[in-house]
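Engineer: Take a look at the letters that make up each chain.
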Amino acid sequence: MSEQTRPQLVYIIDDDEAVRDSIGMLLDSADLAYCSFAGADEFLADYDGSQRGCLVLDIRMPGMTGLELQNRLAEIGSSLPIIFITGHGDVPMAVEAMRNGAFDFLRKPVDESSFIDRIHTALDQESGDWRQRLDRDQNRERIESLTEREREVFRLVAEGLANKVIASDLGISERTVEVHRSQVMKKLDARTLAQLVRIHLQDE
Amino acid sequence: MTDSPRPLTAKTASGGDYDRLETLLKNLPGMAYRCLNLTHWPMDFVSDGCFELCGYRRQEIESQLVLWGDFTHPEMIDYVDRKVRSATDKGQPFEVEYRIIARNGEEKWVWERGRVVDHRSDGVAILEGFITDITDRKLAEAALMRAEAYAQAIVDSAVDAVITVDSQGSIESFNQAASAMFGYRADEVRGQHCRSLTATSFYREFDRFFQRNRVPADDVIRSVELNGCDKRDREFPILLSMREIVDIEEKKYVILIRDLTEQRHAEKEVREQRDMLAHVDRLNTLGEMAAGIAHEINQPLTAISMYAQSSLRFLQHRPPRLERLEDALEKLSQQAHRAGAVIERMQEMTRPHQSHHESVDAGRLLREIHGLAEVEAQIRNFVIVLRLDESLPTVKCDPIQIQQVILNLLRNGMESMRANRCKPGSKIVLQARNLGDRLRISIIDSGLGVSHKLEKQLYQPFMSTKESGMGLGLSISRSIIAAHGGQLEFSNNKGVGATFYFKLSIVQ
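One line per chain: the protein sequences are F and U, in this order.
The first sequence begins at 82 in this note's numbering and counts up by one.
The second sequence begins at 181 in this note's numbering and counts up by one.
Take these hints with a grain of salt, some might be off.
Claimed, not checked - Which chain U residues face chain F? A few, computed with CB under 8 Å, are given here: (1) A474; (2) N478; (3) Q479; (4) S485; (5) M486; (6) Y487; (7) Q489; (8) F494; (9) A508; (10) K511; (11) S513; (12) Q515; (13) A516; (14) Q558; (15) N561; (16) V565.
Said to hold, decoys possible - A short list of chain F residues far from chain U (calculated; beta carbon distances all over 12 Å): (17) Q132; (18) N152; (19) R188; (20) A239; (21) V246; (22) R272; (23) L274; (24) E285.
Said to hold, decoys possible - Under 8 Å between C-beta atoms, here's a sample of chain U residues computed to sit facing chain F: (25) H475; (26) P480; (27) L481; (28) T482; (29) A483; (30) S490; (31) R493; (32) P604; (33) G605.
Treat the hints as calculated values from the structure; they're not laboratory data.
We treat Cβ as the ideally placed atom computed from N, Cα and C, and that holds for glycine.
Throw the hints in and build the complete structure from the sequences for me.
Structural biologist: Okay, structure coming up:
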């Protein structure tokens, strides 16, 4: 599950072959890698949580609709941004899609340049999310490596308490607090108090 | 009255003859008399019947205390006098019917017949005759006349032409409605053959009908639709029925003719209205399908703009990626045609058109409607399965109307399936089977089926189980199939749902 093994892809999910093919060609012309699916079920069958990139999703499809797929992905914890492609009469559905956290929705026929722009933005966002998630995972691992006492000191330091107060709270000497604190900084790879606070906030 | 005539008995009979004559006269239902042809006819002999006739005894009359003229109804005395004189002046017997007033005031009709038998020396004629009561007959006659007038009034007020003809078909009577319908007065057509009331081109058919019904096999009144022809040679549709008039020695027939012009007119109007409704329904259908059609057009448009943009990018690439360009442009063109086809189909749906039957490739017809209906099925998450024989024949039909019927039946089926909470992906089958001379087209759904209650009102216009339905679908569909010489039928499936089916003629 590293950035190197999963490149970002644009997942096109549309039941109309021509629409699917033409979107693919446009992405190809913009040097974007993509992968096409004829339906939500096909995509879900292939999905394992490691996918990177974004979805271009037809809102109206036979079988599982685009909206249903969005809900399903949210349930299983996917954070892939979804760009919905909607038809003429689908405004209420589009509104619901946005409410459920869709990245954007574009009306058919789609304005190609803004389409490409939106794809790029979505991919950037996903990169950021992914990195953040990676950081969080890393932080969590590091926090888990702290001892019980170190974790208590970490929490109180991050909340802004002075060493003296922490020592009195925990009933230990100020000197001992200082030892724990430097141990925490080392284990969490933090050089400043500000970094420590940020790690704490990310974890909450 | 000094010179009274001798009594009849004294002059003409004697002994046993007299007795016999007396008995004979007594038994007569009336009164024999002899009198002078003078004012009020003084009688010197009357028979005993006088008492029953006028309430006076023989002696009272013969003594001439009352005269016969006193009984005669004052309104009629001159009439009777005229009748008697005009006959006797010519030396002929007279016969007259008139009213008398009896002693008790009762009015009676009498019939009298008499003649001059002799003359008195002064030339006054001596009359002998017989008078009898005919009141009963007169009352019966009056009743009969009233009944006839009544019957005639009914016949005359009838809307239909009522004509009686003899066994050869010659017209005997012609009511007022007949005169109004055909423009002839009754006396103009009496004696003519009733055939002449029909258009010449229908003579043969009329003759056949007349011959067949002259000797009816049963009591059923048969009728025939023909063209009538009036005095001014105007032709118009008529319904003609004929029946023997029973209980008359000579065979006669009564012919009833109804003018169908109005009815035909109304029928035509209904037909036009139905065509208009069919058009409205097509437009409605279009409204219902608007989302589907927008979707159908948007798909190729989306693809077209994507391919176009791709082509542009391939061209702008340094160096240009010409190898991709050809593919992109070809696909773009295909999608433009696809959009065009959708619009063409839509136009066909909205065009009001004359129903015209043509030879149509059934396979193509069904695949086309399948393509159109599939969009709707997708929206409802159902699947339309096309189950066709390998090679389908050419059928005679109006393709647009038949497609409308099939679309309507598919839509109904899917509605019913939705009401039956069928799972997404459930199938509705459009099936065609070659039966040799006809092609049976069936729509098999897995919906609620047709309940016994629903069955009765199934084809009624404006009857709908759907909240949004106008309830015209099935009734119009049925009319369309009927116009194709078929019948829209249905049956409930063994398992679930119903099957609607109809047959189209195969062009051999």
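Engineer: Please verify that the nearest CB of chain U lies beyond 12 Å from Q132/F's CB.
Structural biologist: holds (23 Å)
Engineer: Was the hint right that K511/U lines chain F, CB cutoff 8 Å?
Structural biologist: Cβ of K511/U sits 7 Å from chain F, so the hint holds.
Engineer: Have a go at the F494/U hint: is there a Cβ in chain F nearer than 8 Å to its own Cβ?
Structural biologist: Given a least distance of 6 Å, the restraint on F494/U holds.
Engineer: Taking the shortest Cβ-to-Cβ distance between N152/F and chain U, state whether it exceeds 12 Å.
Structural biologist: holds (15 Å)
Engineer: Can we trust that A239/F is non-interface, i.e. its beta-carbon lies farther than 12 Å from all of chain U?
Structural biologist: Holds, since 50 Å exceeds 12 Å.
Engineer: Please check whether A516/U passes as an interface residue: C-beta within 8 Å of a C-beta belonging to chain F.
Structural biologist: Violated, about 11 Å.
Engineer: With a cut-off of 8 Å, does the beta carbon of T482/U approach a beta carbon of chain F closely enough for the hint to hold?
Structural biologist: holds (4 Å)
Engineer: Can N478/U be said to touch chain F, with a Cβ gap under 8 Å?
Structural biologist: Where the cut-off is 8 Å and the nearest Cβ of chain F is about 4 Å from N478/U, the hint holds.
Engineer: Could you check that no beta carbon of chain U comes within 12 Å of the beta carbon of R272/F?
Structural biologist: holds (46 Å)
Engineer: Restraint: Y487/U near chain F, CB-CB cut 8 Å. Satisfied or not?
Structural biologist: holds (5 Å)
Engineer: Any CB of chain F closer than 8 Å to the CB of Q558/U?
Structural biologist: Since chain F brings a Cβ to about 4 Å from Q558/U, closer than 8 Å, the hint holds.
Engineer: Once the closest CB in chain U is found, is it more than 12 Å from E285/F?
Structural biologist: Fine: 42 Å to the nearest Cβ keeps E285/F off the interface.
Going down the numbered hints, you'll see the structure goes against 11, 13, 16 and 19, while the others check out.
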